[in-house]
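Chemist: Spelled out, the chains give:
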Amino acid sequence: MVMKYLKLILREIKSSKARFLSIAAMFALGVGFYSGLGSTMPVMKKSMDRYADDYNLYDIELVSEYGFDSSDADSILSADGVKNAVFSKSVDMLVNEGAARFMSVTDDINMMRVLEGRMPQNSGECIIGRNKMNGNIAQIGDTITLSADNSQDNLDMFKVKDFTVVGIAESPMFPSVQRGAAQVGQGVLQHYVYINESDFDTDYYTEAYIQVQGAKELQLYTQEYSELVSSVSNAVENSGIAQQQLDRVKSDSQSELDDAKAEYEENKQLAYDELDKAKAELDSAAAELSDAKASISDGEKQLANGTAEYQTKKAEAEQLLAQSQAVFDENTEKYNAALAEFNTMYQYLADTYGKPAADIQTAAAKAELESAKEELERGKTELEAAKNQTQEQLDAAAAEIENNRALLENAKNEYDRGLAEYNEGLEKYNSERQSALDELDEAEKEIADAQAEIDELSLPEIYVFTLDDNYGVNAFSQDAERVNNIAKVFPILFFVVAALVCLTTMTRMVDEQRTKIGTLSALGYGTAAIALHYLIYSCVAAFAGGIFGIALGNIVIPLVIFNTYTILYSLPSIVFGIDAIKALGAFAAALLLTAAVTLWAATDSLKSCAAQLMRPAAPKNGKKVILERVGFIWRRLSFTTKVTCRNILRYKKRFFMTVLGIAGCCSLLVTGFGLKDSISGMLPVQYGEIENFDLTVYLLEDTQDVRDCIEQNSDSCMFVQNTGSDAKSSSKSLECTLLIPQSSSDFSEFIDLHNRKTGQKLDFLQTGEAVIAEKLSAKLGLGVGDMISVKSSDGAYVDLTVSGIAENYIYNYVYMSAQTYESVFGQPPEYNQVFVKTTDPAAAGDNISLNENVASVMNTEDMMTSFDDIFDSLNGVVLLLIISACLLNFVVLYNLTNINIGERVREIATIKVLGFYPLETDSYIYRENVVLTAVGTALGLWLGIYMHDFVIKTAELDMIMFTRSINIESYIFSALLTFVFSAFVNLFMHFKLSDISMTESLKSIE
Amino acid sequence: MDFIEFDKVTKIYQSGQTECIAAKDVSFNVQKGELCVIVGASGAGKTTILNMLGGMDTVTDGTITVDGQTVSGFSKKQLTAYRRYDVGFVFQFYNLVQNLTAKENVELASQICKNPKDAAEMLELVGLDGKENSFPSQLSGGEQQRVAIARALAKSPKLLLCDEPTGALDYKTGKAILRLLYDTCKNEGMTVIIITHNSALKPMADRVITVKSGQIESMTVNSTPMPIEEIEW
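Chains as they are written, first to last, in the numbering used here: chain A, 1 to 1006; chain B, 1 to 233.
Worth flagging that the hints you see were computed from the coordinates, not collected in a lab.
A quick note: this is a predicted structure, and the numbers were derived from the prediction, not measured.
A couple of the hints might just be wrong.
Stated by the list, open to error - What follows is a set of in silico ranges between Cβ atoms, one per label pair, in the way DEER data are often shown:
| # | chain 1 | residue 1 | chain 2 | residue 2 | range |
| --- | --- | --- | --- | --- | --- |
| 1 | B | 67 | A | 920 | 20 to 26 Å |
| 2 | B | 120 | A | 10 | 53 to 59 Å |
| 3 | B | 220 | A | 526 | 23 to 29 Å |
| 4 | B | 129 | A | 630 | 51 to 57 Å |
| 5 | B | 120 | A | 976 | 39 to 45 Å |
| 6 | A | 630 | B | 232 | 48 to 54 Å |
| 7 | A | 930 | B | 67 | 36 to 42 Å |
| 8 | A | 988 | B | 232 | 53 to 59 Å |
| 9 | A | 935 | B | 232 | 54 to 60 Å |
What the hints assert, rightly or not - Capping the alpha-carbon separation at 27 Å, the derived lysine-lysine pairs in BS3-like fashion look like this:
| # | chain 1 | residue 1 | chain 2 | residue 2 |
| --- | --- | --- | --- | --- |
| 10 | A | 642 | B | 103 |
| 11 | A | 14 | A | 791 |
| 12 | A | 516 | A | 445 |
| 13 | A | 779 | A | 728 |
| 14 | A | 642 | B | 117 |
| 15 | B | 186 | B | 175 |
| 16 | B | 103 | A | 652 |
| 17 | B | 32 | B | 114 |
| 18 | A | 334 | A | 301 |
| 19 | B | 186 | A | 642 |
| 20 | B | 76 | A | 992 |
| 21 | B | 117 | B | 131 |
| 22 | A | 757 | A | 728 |
| 23 | B | 114 | B | 103 |
| 24 | A | 992 | B | 77 |
| 25 | B | 158 | B | 8 |
| 26 | A | 642 | B | 114 |
| 27 | A | 216 | A | 46 |
| 28 | A | 488 | A | 732 |
| 29 | B | 202 | B | 186 |
| 30 | A | 4 | A | 14 |
We put the beta carbon where it would ideally sit given N, CA and C, even for glycine.
Looking at chain B on its own, in the form it has when it is part of the complex (with noise of 0.2 Å):
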């Protein structure tokens, strides 16, 4: 059985009378510890995919599911919990709460859930160790990006969704962030989605996913990652 599955899932907004089709008959599988790349131009609706399958937002049609759980038929409360029990993000703009350290922003995700792991581990794992009690603005963006590394997988989570993980950081960052998340995949076992405009980056996935306007063009499965540090944009 397939990890992730999406079966012609179907979003459609409605905004007053216009009607738009964000995704359409959507379907694409992922197994379990695969580093998928979901690629497409700006409005394609790779968001949009994203969110339904993080739990952020429902389905208007077909099924999602994730782990043997049928996510598209959860509740709002059963969402939140999936959120909080088997989801990680990590955001374009890191998201981390500016008032936090980076050790306390960690905690804030590690502390409502059931088995977290260790703040301090977590922060040394992403290689940030000695920076604990910095704030996010002490910290450069690549640093900031790992400690909403640290804070996705100190929830231990089945899922880790990254959106746009290096839209906001320069070149070399981006690619030790990429490498930091591939490693994770590897070394954990982490099943990690990267949603991404950049199909450069379609090498270094075990399965790579093109959307375009709102449909899936096509899903590759490479038996063959290349390493990130051999790719080039």
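One chain only, chain A, in its complex shape (with noise of 0.2 Å):
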């Protein structure tokens, strides 16, 4: 009996095979998009977790605000469920290329992915993470050089200031193209940079990296996976870590202070030695000045003896020569007299006498006379000699006192230097004194408040980090969730076509096999024999076709998405596998809608008994179609196609699902071109009518300098101040960008604040307001008037009043004034941004980045290149939906037109036979096609906006708005699309009508 059934069935699916594979068709479009798209979010997760289980990935990053010692690894290592645990060092540091983190490499975690060259072995030698987005930082035996403009203490952590690339690699640390927050630069990690660890010139280290014991087993981004990774990692915390970190702290510290004190002791000691040695010298030149100033005082007083003495010498020998003079005067006088008497005598004898007479007379008397003058001469030679010695004498006493006081005046100037000496000696002794006891001070107040510091040391922060984390495993883990959201809408859609298919192909069955169910009916078979007869044809087909569809749908689509994702990330090698739930689920689903589908189209014929069936089935009536009654259209419309509208008319079943079907493929296109419409139209919105400016210049500093030379460089330029933060609503929070312009006034030269549906213009000049993003407007459900929460830089939240919504694509921006700005978080805005207007973006680009304090020119266009490049991976998705949408497309108007040239055999044959033209033939069919493709095409149009309009909406990502509109070419080519497929089906359709024989029209009806 069962093999007999079996014979029958296969038989039956021989001769039918169109209509088996339509039906196997249809559900392994459904069943095999439904598995395939839900296996999908599986397939990118297992992939993540074999890339981190091949790579030995981390599971638990540490890091502690006191760095880590190698003697952490025992308490890290002795906690619970610690597999494996390695310490890295790692700082971000700014290099030509940009921001790039400088790590150490580190052994069984962590494991670098190498594609060109090798590891660093020796010192100076580095292996760089390859950049899909932006271009490799440099090439293998290119040097990168640490930036001068990199901070002196990020500097001196290293030994080696120049590396040598000698690999290529892809580290597991960073799966995505973003590779998340820098400490440096513009904030954004652009580059990571891996270097032998006695490259680095410190003695801690900053992070610790650990695996879990048993986490390898468990796949990522699981509940178990988490449960065991955070409770592994309050092991961590609880490890006595941070206290032992302490204790090692504080002992060092203790040590290092201690040995400062001992230091500072010898010190204080060698000062002391050293200012009582110069105290000596000072008082033995005192000592010495004393004296001198003794011999000086001596010296005078010897001096004034000696001038003294010579006085009185001086004086006795002056009046012992005037008595001499006044002997020799009188002598003289008495001479002279004698002389006179002789004289006058010697005339009175000469004149009595005569002179020979006096002569002899005068002889005696004038002997006598000539030896008193000889006296007197001698007395006078006497005199003159003794006045001579005297003078003589008196002279060299004179010059001796003279020698004296110059001797003691020489002495008295030499004592003076050396008191002048002495004093500055002093001086400079009591203030190095001084100075040097304050020093003293000082050093005893600084190991005062170091030992008060240790004491004070408290338990280290230690940050515990997880998977969770870090940027591009979650990233990845939510593009994942992404795609899962879509696989919910589309399969259904597949899945309502599929039972519509397979309703008209069951009917169709039924209904041309009524003699043969009216003949075993009226042989003896039971209702139920029959019906499972065509319950297992369709569920053989529906199986053959579901099977299919699983081993298919389960590695094309997961492999088109994945694909689509590698150009966003870096993972090796996709991991198949079978979401089994999801496969049974779709499986019993598509056999149980078959089933279902199956039953209800043989019981009409089934409730009819034997005789009934045995006679020919009424052919459907013909009815007037509702145009009719509009006589005046009904008479100008041309005989075909009245008999278009009166078919088209009559099945119904055939008409709904033709243009559901149709309606499908139409809105998938619509849906899939859309996307790229609104991801590519966002680009030139955003940075041509949105954000009108050329550069955007990256302040380190606001300074005066670089503001000149700016607006050298520039036709105009507006100052920003633009900071990351958080902003919520009452019921959600979002990251969001603040805006701060300068001037408020000419703002609106530079953004084109507007509301995108009203197309009004915003402004934002009251204090206490801002205008928001479209985006953060409708995530945090925000309307004009509402209270938007910014979080400010010390963490706490400010509330605003939302004054407009500007139409926004990229960044989550609050536009604020700078009065509001500075009244709400009370501090006024530090500009860190330039938005410059300019002809030659290249020159001036160039001339502003030569300022010191210019971190770096960003060119619009340039940020434009590097968007496109990302949503060039959306490509593959798109082309997943046309194809998808072809399938569909086909699938149902094959079956249709099928089924429709199969229930009209008779009719088609008829019109051959009264002559009509091949092509007159087809058109007879084909019109029917032709409307009912343009109303599922209009239709689809129309339904495809909602569904574009559902998948941005989840495929967008939360800094981003993709632009809602569809291009009207995407409409049209839509719709120039769906007419194709049509045109083709149709085409393949006209060699069967060309093969139905006219001699059918003479066949009895059965």
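Starting from the two chains in their separate frames, assemble the complex, guided by the hints.
Modeler: Here it is in structure tokens:
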């Protein structure tokens, strides 16, 4: 019985391949899409898990306030569940190419996937992370140099400042082309570089990476994994590592301080000794000085005595001389008197006696006189000699005195100099002593402070991060979830259409086999047995289709989507896997649906009795259509149009199904093209219509110098503060970017704030008000007049009134005036960005970037290019949509036309007999298809708007809003493609039509 | 010259390995304006003859001439044109398009030929005035066959081929249809060929051709056809 049944069914399948295939294909599509899209998220997550497992990615990352020491390993490893741990050093540095994270190569954990070259071995070598988005930082053999713009502290962390690239690799720590936040530069990490640990010049490690026992066996992103990791991270936190670090740091610091203290004491002694020595020197100098002073005063006394003696001697000598003079003078006078007496006598005698007598007479007297004169002469000479001698003696005495005086003067001067020197020395000594004492005091105080600090040291803050906190690992899972959201909608469409296809096909089959059913019924087969035949037939078709769909869908769809995402992520390979529950669910749903639909189709016929079934089925009656009641239109319609109208409305089920199938196809196309429009459309709007400037300058510091430089190189410029923040409403929170322009008045020349829906221009001059980006408004559910809470730098939230919602696509901006910022945040804005308008962006950019206070300059056009690259990745998804649309369209139209032809073979044969040319015959049938395609397309275009809206809302990232509008070209393309697919199916069916033999028209009705 | 001439026409159907000779050396002729009955048992080959005569099937051998044209040598396109302009068909099961009214069914044929007759007139001719806007399902079998005849006549064909025109009709209605065909033949001067397994119809024909096992058994010309009303079966 069973064998017979199977044989019967096999024969049945053989004789109706097209019918069997169309049911199978429809369910292959439905089940394939559902389970394929459904398994994409698990496949993506599994692939990431495999990547993490293969390269020993960490489960827990520890960062401590105090850094790590190799001695911390013991306490980390002793924590329950820790399998392995390594330490690494890392720091974010500026290099010429942007911000890069320099990390030490670790063993066993976070292994690198070397793509080219090798791992660094020698000092000064490095291996770089591949950068698919911006291009690699350097090539193998190039040198990377740490920029001099880095802070000295950071530069001091390196022994080597130039690194030679020896390899290019990918690290599982950075699976995304976006590397997350950097501590330097613009805050965006662009590159990562691994170097030897010994090239760091620090004695502590910055991170510890931990692998958890048993985590490898669990899958990433699962509840079990999270629970295991969080229990282990608790264990690590409670392992006493903090206390140990505290103790270590305390004892290290204490011994350091003790050393310092000892040194201080030593220095103190030294200082005192030195002071004492200086003091002694000074004292001896003072003694010498006082000796000198005493000898000077002695000399002075002696000099005075000498002078007095001299004076006395001089007076005595003068007195003596005067006496001698007086004697001499008396003698002279006596002589002169004697002479005069002689002369008188002589004269008298001569006069009296004549001369000779007188001569004789006077000779004695004269001789006497002559001897007196001689005596006088002798006395005079004696006096002269005495005078001279005395003078000589006096002169000698005076000279001696003079000499002594000069000597004394010298001594005096010397003494004065010595005194001055001494005073100076004393002063210096005093001041030096003071400063030495001060210094010592200070040192003492420092030591005391340090001691206090050590005494006050508390447990270090230890930050525990898991892979959930890893930017790329987390973003990948979010992307996978997004795919999953899309997976929830599309397959439903396919399932509905599959059910409809199955229903019409089985109805047709049962209709065709009326006589057979009647015969079987008359032969005594039960209703159930007959129904089973059709049930098995359709279920076999659904089963075969389902198996095929699951097999193909689970390979092709995850592969296409995974490959699409490999543009944004660097995962080495895809790990296939079937979400068994989803696959079986889809499979069961397909079978149940088929069974239900088949039973429904068969019920009608089976209700009739055998005799009725043996008779030909009454053909479906012709009916007047509503349009006929509008006589003036109906009369104007051509004959064939009328036929078409009637036929379309005659088979409502088919009408509904065809329209739905085509609408599904068309809406998929609209979604696909629209997705591309939305994504590529937002860039020109964001960077052409909303943001109207050529360069964005990132400032290191806002100085007059840099302002002058920028003003010289631009037509106009606008200084703004641009800071990342969080915004929240009562229910949700979202990352946002605060943008505060320096001048509100001409801000609109740089950023055109307007509402997308109303086109109304927005301003934000009122204090306390802010204009927010549309995405923020949508995500946070905020409208004009609502309050938005924005996080300030100290972590507190401040409230602002939303005064407008601005069209914006990239980044969630909160715009406010400088006054608002100052009044709400309590501090003036710090301008860190400049929007620049210029006619020659390249030249201006080069000039501005030379300024030392400029961190970097971004050309708006370059920015668009880099975004473009990311969005190209979505082309794969668009292609997937278009292909699935084609498949859907083909299967539905093929099946329906097939049924249509099958049901109307007699009619077609008849009109062929009547002499319709092949083309006329085709159009007799196809005109309906054209109308149905048109109706389906129109419906599809309309449905596509909603589907597109849903898809972009699920697919877009938090910081991006895709444009909501679809280009008119996309509608046209979608409609055209739908028609092209239909035409293709019709061409396919043309051969079937020409195969219909005219002799069919002569056959009796079965 | 004969209006219709079959000259040693042979038709062999090839299905896989087996050959099936449906007609062998069939030769006959029919004059213009005659009512000819081709009679034979089921499977004798009458439908094959009709198919070939109607341009629905090609011949394996021999020639068919209709009104001076060699139909057996026609291309596919020529055959379609031949069916379109020269032949009218009446089927056993009427083959009306269910979705079209009586008038529209007639128009289906008339709109594709060169000198169509007015559909309404044709329906009046076959006695269906007042039923123009009825759908086939609203008409009786006889009425449906009348629509089919009207459809065939509307093309003003040279030749009217009827395949068991009464096969699905009751006795009385069948007679009325035959009457209509007879009148058409006589009044319009139309050559009418009726294919039937019912030998009772022989007396009404101008010419009777008997087919048996794919061959012509006999061909007789009846100089005094009997009115249909007098024939009983």
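Chemist: Hint by hint, note whether the structure agrees.
Modeler: Outcome of the hint check:
1. For residue 67 of chain B and residue 920 of chain A, the Cβ-Cβ distance of about 24 Å falls inside the hinted range of 20 to 26 Å, so the restraint holds.
2. Take residue 120 of chain B and residue 10 of chain A: their Cβ atoms lie about 54 Å apart, and the range 53 to 59 Å holds.
3. A C-beta distance of roughly 56 Å is found between residue 220 of chain B and residue 526 of chain A, which places it outside the suggested range of 23 to 29 Å.
4. Restraint check, residue 129 of chain B to residue 630 of chain A: a C-beta distance of roughly 26 Å breaks the suggested window 51 to 57 Å.
5. Against the hinted window of 39 to 45 Å, the Cβ-Cβ separation of residue 120 of chain B and residue 976 of chain A comes to about 43 Å, which satisfies the hint.
6. At roughly 52 Å, the beta-carbon separation of residue 630 of chain A and residue 232 of chain B lies within the given 48 to 54 Å, and the hint holds.
7. The hinted range of 36 to 42 Å is satisfied by residue 930 of chain A and residue 67 of chain B, whose Cβ atoms lie roughly 39 Å apart.
8. Remark: the range hint 53 to 59 Å for residue 988 of chain A to residue 232 of chain B is upheld by a beta-carbon distance near 55 Å.
9. For the pair residue 935 of chain A and residue 232 of chain B, the supplied restraint of 54 to 60 Å holds, since their beta-carbon distance comes to about 57 Å.
10. A C-alpha spacing of about 12 Å is found between residue 642 of chain A and residue 103 of chain B, which places the hinted pair at or below 27 Å, so the restraint holds.
11. About 70 Å separates the Cα atoms of residue 14 of chain A and residue 791 of chain A, which puts this hinted pair outside 27 Å; it is violated.
12. A threshold of 27 Å between alpha carbons decides the hint, and for residue 516 of chain A with residue 445 of chain A the separation of about 112 Å lies outside it, so the pair is violated.
13. Among the hinted pairs, residue 779 of chain A with residue 728 of chain A is consistent with the structure: their alpha-carbon atoms are about 10 Å apart, no more than 27 Å.
14. With a C-alpha separation of about 20 Å, the suggested pair residue 642 of chain A and residue 117 of chain B falls inside the 27 Å cut-off, and the hint holds.
15. Of the pairs offered as hints, the one joining residue 186 of chain B and residue 175 of chain B holds, with about 16 Å between alpha carbons and a cut-off of 27 Å not exceeded.
16. Straight-line distance between C-alpha atoms of residue 103 of chain B and residue 652 of chain A comes to about 25 Å, which keeps the hinted pair within the 27 Å bound.
17. With a C-alpha separation of about 21 Å, the suggested pair residue 32 of chain B and residue 114 of chain B falls inside the 27 Å cut-off, and the hint holds.
18. Straight-line distance between C-alpha atoms of residue 334 of chain A and residue 301 of chain A comes to about 49 Å, which puts the hinted pair past the 27 Å bound.
19. Proximity of residue 186 of chain B to residue 642 of chain A is assessed by CA-CA distance (about 36 Å); at most 27 Å being required, the pair is judged violated.
20. Straight-line distance between C-alpha atoms of residue 76 of chain B and residue 992 of chain A comes to about 17 Å, which keeps the hinted pair within the 27 Å bound.
21. For the suggested pair residue 117 of chain B and residue 131 of chain B, the alpha carbons sit about 18 Å apart, so the restraint of at most 27 Å is met.
22. Taking the CA atoms of residue 757 of chain A and residue 728 of chain A, the gap is near 23 Å; set against the 27 Å cutoff, the hint holds.
23. With a C-alpha separation of about 18 Å, the suggested pairing of residue 114 of chain B with residue 103 of chain B holds against the 27 Å cut-off.
24. As the CA atoms of residue 992 of chain A and residue 77 of chain B are separated by approximately 18 Å, the hinted pair is consistent with the 27 Å bound.
25. With a CA separation close to 23 Å, the supplied pair residue 158 of chain B and residue 8 of chain B stays within the 27 Å bound.
26. Our distance criterion of 27 Å between C-alpha atoms is met by residue 642 of chain A and residue 114 of chain B, whose separation comes to about 21 Å.
27. For the given pair, residue 216 of chain A sits about 12 Å from residue 46 of chain A by alpha-carbon distance, which is consistent with the 27 Å threshold.
28. Under the criterion of a C-alpha separation no larger than 27 Å, the hint pairing residue 488 of chain A with residue 732 of chain A is consistent with the structure, at around 24 Å.
29. Proposed proximity of residue 202 of chain B and residue 186 of chain B is supported: the alpha carbons are some 17 Å apart, at most 27 Å.
30. Taking the CA atoms of residue 4 of chain A and residue 14 of chain A, the gap is about 15 Å. The hint holds against a cut of 27 Å.
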